[in-house]
Amino acid sequence: MRKIYYVAALAALFSACNPAATPPAPAASLPIQGTWKLLTGTLIENRDTTVTDYTRGKEFVKVINDSYFAFMEHNLPGDSAEYSSGGGPYELHDSTYTEHLRYCNDRQWEGHDFTFTITIRGDTLTQTGLEKIDSLHVNRLNIERYVRIK
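Mapping to the working numbering: the sequence shown position 123 is 107, numbers consecutive.
Keep in mind the hints are simulated off the structure, nothing from the lab.
Values in this document were obtained by computation on a predicted structure and should not be read as measured data.
Careful, some of the hints might be misleading.
[To be verified] As a list, the in silico SDA-like pairs of lysine to any residue whose alpha-carbon atoms are at most 20 Å apart: (1) K116 to T80; (2) K21 to F44; (3) K21 to S51; (4) K42 to S68; (5) K116 to T34; (6) K116 to P73; (7) K134 to E43; (8) K134 to Y52; (9) K116 to N30; (10) K42 to H58; (11) K21 to Y74; (12) K21 to T82; (13) K134 to T103; (14) K116 to L85; (15) K134 to R105; (16) K42 to R105.
[As the list claims (entries may be wrong)] Quick list of the computed label-pair ranges, beta carbon to beta carbon: (17) D107 to P73: 22 to 28 Å; (18) D63 to T103: 33 to 39 Å; (19) T110 to D63: 32 to 38 Å; (20) T26 to D107: 17 to 23 Å; (21) P73 to D32: 30 to 36 Å; (22) T19 to G41: 17 to 23 Å; (23) I133 to Q92: 28 to 34 Å; (24) D97 to S64: 28 to 34 Å; (25) D63 to K134: 29 to 35 Å; (26) D97 to K134: 29 to 35 Å.
Built from N, CA and C at the ideal position, the CB exists for glycine as well.
Kindly generate the complete structure, drawing on both the sequences and the hints.
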């Protein structure tokens, strides 16, 4: 009779360890959260490819918390200041990351959603997605590679 109790106890223990029964991780533990420095940006539009090296002449930082993202870009010291920024809420489902651009220094971009596929390997985040705004004639593939700032 004791063997039945031991078997039942072991079965209960193993079923409690079932990964499928584990609730999803809270938003605070998503690996996308943090501060990211853009290394390179690649835009592909109408068979033209433009690669921008953000380690020379300009800086771009993206900050992502549990529900919002914000980005800031500026050129390094020179004759004139260039600056852009924006942000808003985002959604992350598996590797699908959607930014809802609520605030932007270029108001024509506000109110648009941009969906990317993301990968995170070590301290490197890559996001790839289509930026499309018909009213601005923007229709391009955007590939950005970031490194986590510690």
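Status of the hints after comparison with the structure:
no.	hint	in the structure
1	K116 to T80	holds, 17 Å
2	K21 to F44	holds, 6 Å
3	K21 to S51	holds, 19 Å
4	K42 to S68	holds, 11 Å
5	K116 to T34	holds, 17 Å
6	K116 to P73	holds, 18 Å
7	K134 to E43	holds, 16 Å
8	K134 to Y52	holds, 19 Å
9	K116 to N30	holds, 13 Å
10	K42 to H58	holds, 6 Å
11	K21 to Y74	holds, 18 Å
12	K21 to T82	holds, 19 Å
13	K134 to T103	holds, 18 Å
14	K116 to L85	holds, 13 Å
15	K134 to R105	holds, 15 Å
16	K42 to R105	violated, 24 Å
17	D107 to P73: 22 to 28 Å	holds, 25 Å
18	D63 to T103: 33 to 39 Å	holds, 38 Å
19	T110 to D63: 32 to 38 Å	holds, 33 Å
20	T26 to D107: 17 to 23 Å	holds, 20 Å
21	P73 to D32: 30 to 36 Å	holds, 32 Å
22	T19 to G41: 17 to 23 Å	holds, 21 Å
23	I133 to Q92: 28 to 34 Å	holds, 29 Å
24	D97 to S64: 28 to 34 Å	holds, 32 Å
25	D63 to K134: 29 to 35 Å	holds, 33 Å
26	D97 to K134: 29 to 35 Å	holds, 30 Å
Checked against the numbered hints given earlier, this structure breaks only hint 16.
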